[in-house]
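Throw the hints in and build the complete structure from the sequences for me.
Letter by letter, the chains look like this.
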Amino acid sequence: MTERSGSESGPAHKTLEFGMALLIGAFGLVVIFGSVKAGINWGAEGPRAGFFPFYVGAAIVGASAINLWNAQRDDDGRVFADWGQLRQVMSVLVPTAIYVASMPFVGLYVASTVFIAWFMRWLGGYRWLTTIAVAVGMPVVTYLVFERWFLVPLPKGPFEEWLGL
Amino acid sequence: MKPFVLNVALAAIVMSCANSAASRAAWEPVRPVEFIVPAGTGGGADQMARTIQGIVTKHNLMKQPMVVINKAGGAGGEGFLDLKTSAGNPHKIIITLSNLFTTPLATGIPFNWKDLSPVAMLALDEFVLWVNAEKPYNSVKDYVDAAKKAPSGSFKMGGTGSKQEDQIITVGIEKATDAKFTYIPYKGGGEVAVQLVGNHVDSTVNNPIEAVAQWRGGKLRPLCVFDTQPMAYDEPIADGKAWKDIPTCASQGLAMEYLMLRGIFMSPKATKDQVEYYVELFKKVRATPEWQDFMKSGAFNTTFLAGADYAKWIEAEEKRHEGLMKEAGFIATAN
Amino acid sequence: MEELANLFHGFAVALQPYNIMLMIVGITLGVIIGVLPGLGGANGVAILLPLTFSMPPTSAIIMLSCIYWGALFGGAITSILFNIPGEPWSVATTFDGYPMAQQGKPGEALTAAFTSSFVGALFAVIMITLVAPLVAGFALRFGPAEKFAVYFLAFCSFVGLSKEPPFKTIAAMMMGFALAAVGLDSITGQLRLTFGVTELLNGFDFLIAVIGLFGIGEILLTMEEGLAFRGGNASINLRVVLQTWRELPAYWMTSLRSCLIGCWMGVTPAGATPASFMSYGIAKRLSRRGNNFGKGEIEGVIAPETAAHAAGTAALLPMLSLGVPGSPTAAVLLGGLLIWGLQPGPMLFVEQKEFVWGLIASMYLGNLAGLIVVLTCVPIFAAILRVPFSIIAPLILVLCAIGAYSVHNSTFDVMLMLVFGVLGYLLKKCNYPLAPLVLAIVLGDKAEEAFRQSLLGSQGSLGVFFSNGLVSTIMALGLVALFWSAIQDGYSRLRTSMA
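Residue numbers (the working numbering), protein chains in the order written: chain A, 1 to 165; chain B, 1001 to 1335; chain C, 2001 to 2499.
Just so you know, these hints were derived from the structure itself, not from any lab. Virtual Cβ for every residue (Gly too), placed ideally from N, Cα, C. All the pointers check out, no bait thrown in.
Pairwise CB distance ranges (calculated):
#1 Glu2199/C / Lys1180/B: 35 to 41 Å
#2 Phe105/A / Asp1273/B: 29 to 35 Å
#3 Arg148/A / Gln2016/C: 27 to 33 Å
#4 Gly1153/B / Arg148/A: 54 to 60 Å
#5 Val2131/C / Ala26/A: 51 to 57 Å
#6 Phe2011/C / Val136/A: 45 to 51 Å
#7 Ala26/A / Thr1303/B: 50 to 56 Å
#8 Phe2011/C / Asp1234/B: 36 to 42 Å
#9 Glu1280/B / Arg127/A: 51 to 57 Å
#10 Glu161/A / Glu1028/B: 15 to 21 Å
Structure (structure tokens):
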């Protein structure tokens, strides 16, 4: 099933390394900013809330700067992943993102059914019968185990409301 | 905040269904009731909630199941905000402790108890001043003298959480005695009691249930209780002494009183029928022998209030907390 | 020996048919709870606690402690098969367990994990039986400074292990610390780094980060290779158990060391998580095959599993004798004891002999029953890897979503999980180590809390960390662990210059 395009074209590893270091560095700046707001000095009760996060944030920024420098220094011309591979990754990531984003509105059960069915039918190429059996079976089992047995409520949408669950 | 809008919309549907039923009979839950605990698993509020859940299940007091859910984030703020945003959903109730008042004041989260619908006060939790049994303080006077004599800041008080009930009491003691304490916050009450046994702190204000085992084991000594009158339980616990024999702090010259609310609230905009249903439910719970055992094991003050009396009590208590916390400098400035 | 007589009486109690039935029900429920992410030991026990109110206390605690064992065993399954640790102390198990499964050895990894858990727990129970009163007193000596020293040791024995570039390790670890700091600061009771976002009040829960970084990240990495799931050719019969058992005795030294670390961490009570990381780190340093750790070394499964379970079991001792829970699950069990009218504490061993020894006997039996149940299921678990990827992947993703949701009942956490998933994929591709990040999320705020509690007590003097023999020793051990490779270097250089 492996789908490998012969060409080694894709985003350069260096670019990603660079982006990652910048992203982490930016996160560090956010941490520093939040810490300063919480107070970074020593108060009457010892170090204040922002004392430790401040130095942690500073360390992140420092380490990222070095990583950034390293990233631009050793450019070995590798690619991060070729486009075919990235397409594979996206074929999972995008539906998962839609699945997660739709959950607050349609509830976990409906979203899961559609998600599993999509995955099995389009990525796995299974027959409709198998697909539907798994896609419907899993949420039903989940409902029984979590909601009935362990009394853990999971997010529900209009469909469950309509069923009166 | 689209999910919330949707929740409200759903809740409205539920309400309309519920109302059509309610027009005939008094209101009753039509789906599982979520019992929110604004504290972690294993703590005092959690224990009480799970005991209630067990009693309700065992005695079949409710047709729908009761589900306990912990929402402890942000000193309980998570739980309160969850309820605040579920207006009109009658299948959510919450058990509160003092963080009902202290959390919004100390952290500045946008919440006030008036956002919720009060149901009933189940009990009040007592606070007792404890010292290590090896220490020579046999009375409040010995203790206060020792605390005053110690170099400033070296006398340590252990407690649960920061800017919450234990620290409020500590500040109250400081004001009443002019002694100076260093307050050290820990995560849980049991841990605080053990830190006292291990002499890592000099005193604590643990709830009875958190320290009773160490008292019986001869490791800790109670000095006084922060209530207007001694506790009601006269069964001997240790050395022939009972909870009843612990004097009130005020009678020992330490003018500080503090009781912690163990009460129930429900989501905003609850109807009278719905509140009534839960009040009746908790009355039934209180009548069971299991509940009475539980009250005894924790030496609780069993005052029960509902309706306007309850609201009045909370109102007064909120003012008091605001005053106490303002004086102590615990109010969140800006965030 | 009065204790032994009591213990045999306890066995008699635990071996009543009703109690044996509860034991098996408990183990089975526990394994299910352990396998389903998000339920976990503490939640599972809490959810089932009210069901036990109508039972006699001894039967109830037998069932609950068996759920606890089952959950402990169950946690290893998802760590090894899918790289998704359900509990903080299973994280270290993934380091070598998951590579083993990918190399077609899931049966070996599972057998090693289960057996090590059993050995660790058994060692701890024997310790509880024989030296309970002696050890319980030791826990009292642990104030904030000592606790911080233990966390310090856990960090030190773990950092410096990774082969990734040092500044990437630092960046990853510091990110973990920063994420751990979000939410309520427990010392000042003040919110920090939440930027007014209600959903961040809770901070970043370990479980959500780990499900995303490890679980989702791994699925994305697998997708690069196409729709194949490695490890599908695993042998799935029971012979693998016996074969693995033949190998295990060679690692007795690692087991013993891990048992001791675990018992120590459990009693103090610092808990199973530092125990598992510490044990893994030390095993890697001392093992002759240390360089192979992280690539599917069986010793790398034995060390953390043994220590975690020795600690998890030993944690029940301070709970019973002092009333301090050594783990979240123990905290829930403690609540149960109080509800049944039993007061944990110094008097429990004197007043409630039947209960205490019934419980200890059930630890022996429950553990054994658990081992038998899970070992017979090894082929079934291993066979899961044969399910085609395009069926198992969406199911794993759905289970991950449920797990992330049920931590705080929030759909925000599910989105967060996905963000962590993408982050995990990118970090792994860019050669940032994930383990230090997770270790920092799990222990970061606890370490900071202990540090600041100590400073409050000492009024700001750092001398508190060397103020007595106990804390100084642990701190010194930590420093040795931190500079271990430098010390080793110096030693070998010394030897060559001598020669």
